[in-house]
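Q: Work out the full structure, taking the sequences as your base and the hints as a guide.
Each residue of the sequence shown is one higher than the last, beginning at 1 in the UniProt record's numbering.
By construction, these hints were calculated from the structure, which means they are not laboratory data.
Any given hint could turn out to be false.
Unchecked claim - Pairs of lysine to aspartate or glutamate, DMTMM-like flavour, derived with a Cα cap of 25 Å: (1) Lys62 <-> Asp95; (2) Lys129 <-> Asp140; (3) Lys62 <-> Asp105; (4) Lys129 <-> Glu155; (5) Lys129 <-> Asp95; (6) Lys129 <-> Asp164; (7) Lys129 <-> Asp89.
Claimed, not checked - Using C-beta positions, here's what the derived DEER-type ranges look like: (8) Phe108 <-> Gly135: 36 to 42 Å; (9) Asp95 <-> His66: 16 to 22 Å; (10) Tyr57 <-> Thr154: 46 to 52 Å; (11) Val53 <-> Ile80: 45 to 51 Å; (12) Gly118 <-> Asp79: 50 to 56 Å.
Ideal Cβ positions, reconstructed from N, Cα and C, are used throughout, including at glycine.
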Amino acid sequence: MAFDIRDEDDPHNEEFAEYEDVKQPAPTKFYRRRRFWMFCIPNLIIALIVAVVLALYVIMPKIAQHLMNNASINFSQIDIANVTATSMDVVIRGDLQNTGPFHADISFPGTVVISWNGIELGTTEIPGKSTASGGHGTLDLQSSVTISNSTAFTEFSSYMLNADSF
1 MAFDIRDEDD PHNEEFAEYE DVKQPAPTKF YRRRRFWMFC IPNLIIALIV
51 AVVLALYVIM PKIAQHLMNN ASINFSQIDI ANVTATSMDV VIRGDLQNTG
101 PFHADISFPG TVVISWNGIE LGTTEIPGKS TASGGHGTLD LQSSVTISNS
151 TAFTEFSSYM LNADSF
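A: What follows is the structure in structure tokens.
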């Protein structure tokens with residue numbers, strides 16, 4: 001059978017006409033499907049947990065350490081009492097600056113080595129703690145210093161007393 005152009009124009013050829021007028025229902029959008037939410041919610045929860053853990057244990061300590069690296073301690077008063085050839089009692093008062101916005105407890109765990117020009121002068125244990133927040137804080141500590149190198153300590157003392165500024 002050959003193709004006849006008259007078949008297209010024939011108004012009586014309504015073989016498929018009823019199907020052309022029927023509109024197909026619109027497909028449901030992807031976010032209205034239950035499968036989408038069953039996949040999305042667990043993945044969202046996992047992503048949030050990973051982000052929170054990453055922020056708390058990786059990012060925040062690095063930010064806090066960077067802020068503390070810029071911090072400074074300025075001593076306003078150092079009182080020395082009960083001086084002997086091998087020890088002395090010290091009261092230290094000072095200001096902490098550029099400590100960052102976080103609240104911090106400053107303590108000195110273990111033995112603190114006191115040195116000058118790379119030479120160890122003595123050691124001390126500093127009990128207690130000071131606090132800093134809002135970018136500044138105060139330092140008020142009392143300790144007993146053990147002098148380990150009396151010759152170097154004598155040289156340090158004479159330099160400190162004879163210098164124009166120290």
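Q: Mind checking the hinted window 45 to 51 Å against the Cβ distance between Val53 and Ile80?
A: The hint (45 to 51 Å, Cβ to Cβ) holds, given that Val53 and Ile80 are roughly 48 Å apart.
Q: Determine whether the Cβ-Cβ distance between Tyr57 and Thr154 falls within the hinted range of 46 to 52 Å.
A: About 48 Å separates the Cβ atoms of Tyr57 and Thr154, which means 46 to 52 Å holds.
Q: Could one say that the CB atoms of Phe108 and Gly135 fall in the range 36 to 42 Å?
A: violated (21 Å)
Q: Measure nothing beyond the straight line between the CA atoms of Lys129 and Asp164; if it is 25 Å or shorter, mark the hint as holding.
A: The hint is violated at about 33 Å.
Q: With a cut-off of 25 Å on the C-alpha distance, tell me whether Lys62 and Asp95 pass.
A: This hinted pair holds, its Cα atoms lying about 24 Å apart.
Q: Holds or violated: are the alpha carbons of Lys129 and Asp95 at most 25 Å from each other?
A: Status holds; Cα separation ~13 Å.
Q: Taking only the CA atoms, is the gap from Lys129 to Asp89 under or equal to 25 Å?
A: It holds: about 17 Å lies between the C-alpha atoms, which stays within 25 Å.
Q: Going straight from one Cα to the other, do Lys129 and Asp140 come out at no more than 25 Å?
A: holds (8 Å)
Q: Can the suggested window of 16 to 22 Å be confirmed for the beta-carbon pair Asp95 and His66?
A: Between Asp95 and His66, where Cβ atoms are some 21 Å apart, the hint holds.
Q: Tell me if the straight-line CA distance from Lys62 to Asp105 falls inside 25 Å.
A: holds (17 Å)
Q: Would the hint linking Lys129 and Glu155 be met if the CA-CA limit is 25 Å?
A: It is violated: about 31 Å lies between the C-alpha atoms, which goes past 25 Å.
Q: Hint says 50 to 56 Å; check whether the CB-CB distance for Gly118 and Asp79 agrees.
A: violated (26 Å)
In terms of the numbered hints stated before, the structure departs from hints 4, 6, 8, 12, listed from lowest to highest.
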